[in-house]
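Undergrad: The chain contents come next:
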Amino acid sequence: MSARRLALIGAVALAAGVVPARAQILELSLSPRVISFPSSDPDALPVVVAAPVTVSYRIRQNAGSAWSLTVLAGGDLISGPSRVDISNVTWTATPAPPFQSGTLSKTVAQRIASGTGNVANPSSGSVMFRLANSWTYSTGTYTQTLLFTLSSP
Amino acid sequence: MIGWVAGLRPASAQQVTDTATLNATFSGLARLTFSSSTLSFPDADPDFVPDIAASQGPVSITAKARTAPNGAVTLTVQASDNLRSGLDTIPASSITWTASGPGFVAGTLSAASPQLVASWIDSGVHTGTQTFSFKNLWTYPTGIYTLMMMFTLTAA
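Sequence order for the protein chains is A and B.
125 is the number that my numbering gives to position 125 of the first sequence; each next residue is one higher, with no gaps.
63 is the number that my numbering gives to position 63 of the second sequence; each next residue is one higher, with no gaps.
The hints are simulated quantities; they were obtained by calculation from the structure and are not laboratory data.
We put the beta carbon where it would ideally sit given N, CA and C, even for glycine.
Check the hints yourself; a few may be wrong.
Unchecked claim - Here are the computed distance ranges between Cβ atoms for each label pair:
# : chain 1 : residue 1 : chain 2 : residue 2 : range
1 : A       : T92       : B       : T38       : 44 to 50 Å
2 : A       : A51       : B       : P114      : 40 to 46 Å
3 : A       : S101      : B       : Q56       : 44 to 50 Å
4 : A       : S36       : B       : V105      : 37 to 43 Å
5 : B       : P69       : A       : P46       : 18 to 24 Å
6 : A       : P32       : B       : P114      : 45 to 51 Å
7 : A       : T94       : B       : T21       : 19 to 25 Å
Claimed, not checked - Anything over 12 Å on all C-beta distances counts as not near chain A; from chain B, calculated:
#  : residue
8  : P50
9  : D51
10 : S60
11 : T76
12 : N82
13 : R84
14 : S85
15 : D88
16 : T98
17 : T108
18 : A112
19 : P114
20 : L147
21 : M148
From just these sequences and the hints, can you work out the full model?
TA: Structural data, given as structure tokens:
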């Protein structure tokens with residue numbers, strides 16, 4: 001190979017190198033976006049189950065790379081001066097895999113689903129949140145925000 | 001050369017987010033349970049047994065309540081009437097109790113007004129006992145006397 005041809009290949013390769021790789025295309029949506037635990041007798045219902053949340057997601061241009069879906073609580077459940085530790089909220093999810101069960105955290109994002117490669121067609125999972133019921137909770141309406149993040153790699 | 005080119009490709013980490021709101025409602029609630037719903041005081045000689053203990057021994061009480069933050073929770077008892085056997089009566093105040101457990105207090109039964117059994121602050125589950133006794137006197141007419149005790153658990 002001549003020196004001139006090597007230089008030409010180098011130039012072509014360098015040009016290719018600075019062209020940005022095609023970024024993954026990720027889509028995520030939740031329905032419903034409000035998760036409610038109704039008031040109930042702790043003796044009759046030690047665990048309160050909310051209506052399931054459907055998580056719809058799509059992952060493209062991600063061949064061979066891992067992806068994960070996490071959830072992070074903005075804090076404890078809050079009602080004025082009262083709070084209920086967010087770790088009292090757990091979830092179960094289907095299908096498994098890619099979905100998995102877990103416990104909410106306000107400090108570390110918890111994995112709710114993971115996989116590898118593309119999810120060409122929109123897929124969905126069902127997540128059921130559960131609250132450990134207790135007589136020790138003060139009366140009130142408590143609230144908190146959950147942040148779901150779909151990321152790759 | 002090819003490897004070098006691949007190495008130059010920037011890692012393209014991507015992420016998308018969505019949020020949900022979590023709501024939980026806890027309404028006021030109270031539950032009261034007893035280890036026994038009947039108290040019996042057996043007959044005895046007033047000279048030897050001036051205070052008759054209930055045959056059932058201490059009555060265990062479990063009070064569960066959900067209340068507002070720093071809300072008061074109170075348990076009271078009131079007799080429906082004096083002890084009555086036909087036309088004969090014995091004052092309800094002839095029945096007294098001692099108590100054990102956080103928040104529980106000793107007292108004397110009354111048909112006229114509720115008497116405090118226990119009090120607490122905040123939601124929670126509370127347990128204690130009441131040990132009842134009956135003031136035995138020679139003056140009581142013979143008979144089988146009864147009354148009802150109404151316990152009320154209140155969460156503010």
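Undergrad: Against this structure, judge whether each hint is valid.
TA: Hint by hint, here is what the structure shows:
{"no.": "1", "hint": "T92/A - T38/B: 44 to 50 Å", "result": "45 Å, holds"}
{"no.": "2", "hint": "A51/A - P114/B: 40 to 46 Å", "result": "43 Å, holds"}
{"no.": "3", "hint": "S101/A - Q56/B: 44 to 50 Å", "result": "47 Å, holds"}
{"no.": "4", "hint": "S36/A - V105/B: 37 to 43 Å", "result": "40 Å, holds"}
{"no.": "5", "hint": "P69/B - P46/A: 18 to 24 Å", "result": "23 Å, holds"}
{"no.": "6", "hint": "P32/A - P114/B: 45 to 51 Å", "result": "47 Å, holds"}
{"no.": "7", "hint": "T94/A - T21/B: 19 to 25 Å", "result": "23 Å, holds"}
{"no.": "8", "hint": "P50", "result": "41 Å, holds"}
{"no.": "9", "hint": "D51", "result": "36 Å, holds"}
{"no.": "10", "hint": "S60", "result": "17 Å, holds"}
{"no.": "11", "hint": "T76", "result": "20 Å, holds"}
{"no.": "12", "hint": "N82", "result": "36 Å, holds"}
{"no.": "13", "hint": "R84", "result": "36 Å, holds"}
{"no.": "14", "hint": "S85", "result": "38 Å, holds"}
{"no.": "15", "hint": "D88", "result": "42 Å, holds"}
{"no.": "16", "hint": "T98", "result": "26 Å, holds"}
{"no.": "17", "hint": "T108", "result": "30 Å, holds"}
{"no.": "18", "hint": "A112", "result": "32 Å, holds"}
{"no.": "19", "hint": "P114", "result": "23 Å, holds"}
{"no.": "20", "hint": "L147", "result": "30 Å, holds"}
{"no.": "21", "hint": "M148", "result": "25 Å, holds"}
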